[in-house]
Amino acid sequence: AQSVTQLDSQVPVFEEAPVELRCNYSSSVSVYLFWYVQYPNQGLQLLLKYLSGSTLVKGINGFEAEFNKSQTSFHLRKPSVHISDTAEYFCAVTPLGGTSYGKLTFGQGTILTVHP
Amino acid sequence: EAQVTQNPRYLITVTGKKLTVTCSQNMNHEYMSWYRQDPGLGLRQIYYSMNVEVTDKGDVPEGYKVSRKEKRNFPLILESPSPNQTSLYFCASINLAGHEYFGPGTRLTVL
Chain A
15 AQSVTQLDSQ
25 VPVFEEAPVE
35 LRCNYSSSVS
45 VYLFWYVQYP
55 NQGLQLLLKY
65 LSGSTLVKGI
75 NGFEAEFNKS
85 QTSFHLRKPS
95 VHISDTAEYF
105 CAVTPLGGTS
115 YGKLTFGQGT
125 ILTVHP
Chain B
68 EAQVTQNPRY
78 LITVTGKKLT
88 VTCSQNMNHE
98 YMSWYRQDPG
108 LGLRQIYYSM
118 NVEVTDKGDV
128 PEGYKVSRKE
138 KRNFPLILES
148 PSPNQTSLYF
158 CASINLAGHE
168 YFGPGTRLTV
178 L
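Protein chains in written order, with this note's numbering: chain A, 15 to 130; chain B, 68 to 178.
Source of the hints: derived by calculation from the structure; they are not laboratory data. Computed from a predicted model, the values in this text were never measured in an experiment. Using N, Cα and C, we set each Cβ at its ideal position, and we do this for glycine too. Some hints here could point you the wrong way.
Distance condition first, Cα-Cα at most 35 Å in a straight line; then the derived DSBU-like pairs of lysine-lysine [to be verified]: (1) K124/B - K63/A; (2) K84/B - K124/B; (3) K63/A - K132/B; (4) K124/B - K83/A; (5) K124/B - K136/B; (6) K85/B - K124/B; (7) K83/A - K72/A; (8) K63/A - K136/B; (9) K138/B - K63/A; (10) K138/B - K124/B; (11) K84/B - K132/B; (12) K85/B - K132/B; (13) K72/A - K85/B; (14) K138/B - K85/B; (15) K136/B - K85/B; (16) K84/B - K136/B; (17) K72/A - K138/B.
Listed next, the stretches of chain B that the computed footprint assigns to chain A, with coverage defined by at least 3 CB atoms under 8 Å from CB atoms of chain A [stated by the list, open to error]: (18) 133 to 143; (19) 169 to 178.
Only some residues are given here: those of chain A computed to face chain B with a beta carbon under 8 Å [unchecked claim]: (20) Y39; (21) V43; (22) Y46; (23) Y53; (24) P54; (25) K63; (26) Q122; (27) I125.
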């Protein structure tokens, strides 16, 4: 079984400031990790994913995340945010194979609000 | 265009009246899922399917049924809806590279 904890439910930040959204997970098996973004009144869109290889992954809209296996973390970062980044962000994991592949477990979400 | 479609987008119903939310994907994915989203709880998986005629319970399956008779369709059935099933529902399909595609969501209100 997996669990995902997003450490901040809300993160306010000023435009052009850097931001980090924190995600920790626990799992008894190896997992794939994801960050999704949900803009108001819309569905979820994949920002980035870690499957294997380099622990620093780059996604869309200038976001990146670093997988840290020893700390079981997958924090999302952006060096300079824009007003348009205001949204809710979800961290998620799924087992990397077997009969449980595709059983995504999501964190509770972090609402990022960018102020002018 | 690769997409997941859901219908209806909005639904208001009464307790006990059976309803079905349809979901269809055009990407030939084997894996499909249903989630519900509630404030402060994130998304929780209701059911998922690994292929035609193969389904399994997610984290919150009580009160829901699914079927997978064809690869592209994965309807969610509420046989006797109750107010605690008022929620925002998402269907999704996932490819073998781990990319999950979400539908636009169905906002269900059970009175």
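Hints, one by one, checked against the model:
Using a Cα cut-off of 35 Å, the hinted pair K124/B and K63/A holds, with the two alpha carbons roughly 25 Å apart. With a C-alpha separation of about 23 Å, the suggested pairing of K84/B with K124/B holds against the 35 Å cut-off. Between K63/A and K132/B, the direct Cα distance comes to roughly 30 Å. Compliance with the 35 Å bound is thereby established for this hinted pair. A hinted pair counts as satisfied when its Cα atoms are at most 35 Å apart, and K124/B with K83/A qualifies at roughly 28 Å.
For the hint pairing K124/B with K136/B, the CA-to-CA distance comes to about 17 Å; that is within 35 Å, so the pair holds. Taken as a hint, the K85/B and K124/B pair is honoured in the structure, with Cα atoms around 20 Å apart against an allowance of 35 Å. Between K83/A and K72/A, the direct Cα distance comes to roughly 17 Å. Compliance with the 35 Å bound is thereby established for this hinted pair. A hinted pair counts as satisfied when its Cα atoms are at most 35 Å apart, and K63/A with K136/B qualifies at roughly 30 Å.
Restraint check: the Cα-Cα separation between K138/B and K63/A comes to about 25 Å, which is no more than 35 Å; the hinted pair holds. Using a Cα cut-off of 35 Å, the hinted pair K138/B and K124/B holds, with the two alpha carbons roughly 18 Å apart. Proximity of K84/B to K132/B is assessed by CA-CA distance (about 14 Å); at most 35 Å being required, the pair is judged to hold. Simply put, K85/B and K132/B have alpha-carbon atoms about 11 Å apart, close enough for the 35 Å limit, and the pair holds.
As the CA atoms of K72/A and K85/B are separated by approximately 44 Å, the hinted pair breaks the 35 Å bound. Of the pairs offered as hints, the one joining K138/B and K85/B holds, with about 24 Å between alpha carbons and a cut-off of 35 Å not exceeded. A C-alpha spacing of about 20 Å is found between K136/B and K85/B, which places the hinted pair at or below 35 Å, so the restraint holds. For the hint pairing K84/B with K136/B, the CA-to-CA distance comes to about 23 Å; that is within 35 Å, so the pair holds.
A C-alpha spacing of about 32 Å is found between K72/A and K138/B, which places the hinted pair at or below 35 Å, so the restraint holds. For the stretch 133 to 143 of chain B, the stated coverage by chain A is not satisfied: 0 residues place a CB nearer than 8 Å to a CB of that chain, which falls below the threshold of 3. For the stretch 169 to 178 of chain B, the assignment as covered by chain A holds, since 4 residues bring a beta-carbon within under 8 Å of that chain's beta-carbons and 3 suffice. Against a cut-off of 8 Å between C-beta atoms, the interface hint on Y39/A is violated, since the closest Cβ of chain B lies about 13 Å away.
The interface hint given for V43/A is violated, since its Cβ lies 15 Å from the closest Cβ of chain B, which is over the 8 Å cut-off. Given the 8 Å rule on beta carbons, the hint for Y46/A holds: about 5 Å separates it from the nearest Cβ of chain B. Taken as an interface hint, Y53/A does not check out: its beta carbon lies about 12 Å from the nearest beta carbon of chain B, beyond 8 Å. Restraint check, P54/A versus chain B: the minimum CB separation of about 12 Å is more than 8 Å; hint violated.
Given the 8 Å rule on beta carbons, the hint for K63/A holds: about 5 Å separates it from the nearest Cβ of chain B. The beta carbon of Q122/A comes within 4 Å of a beta carbon in chain B, closer than 8 Å, and the hint placing it at the interface holds. With a cut of 8 Å, the hint placing I125/A at the interface with chain B is violated, because the nearest CB-to-CB distance is about 10 Å.
Hint violations for this structure: numbers 13, 18, 20, 21, 23, 24 and 27, all remaining hints satisfied.
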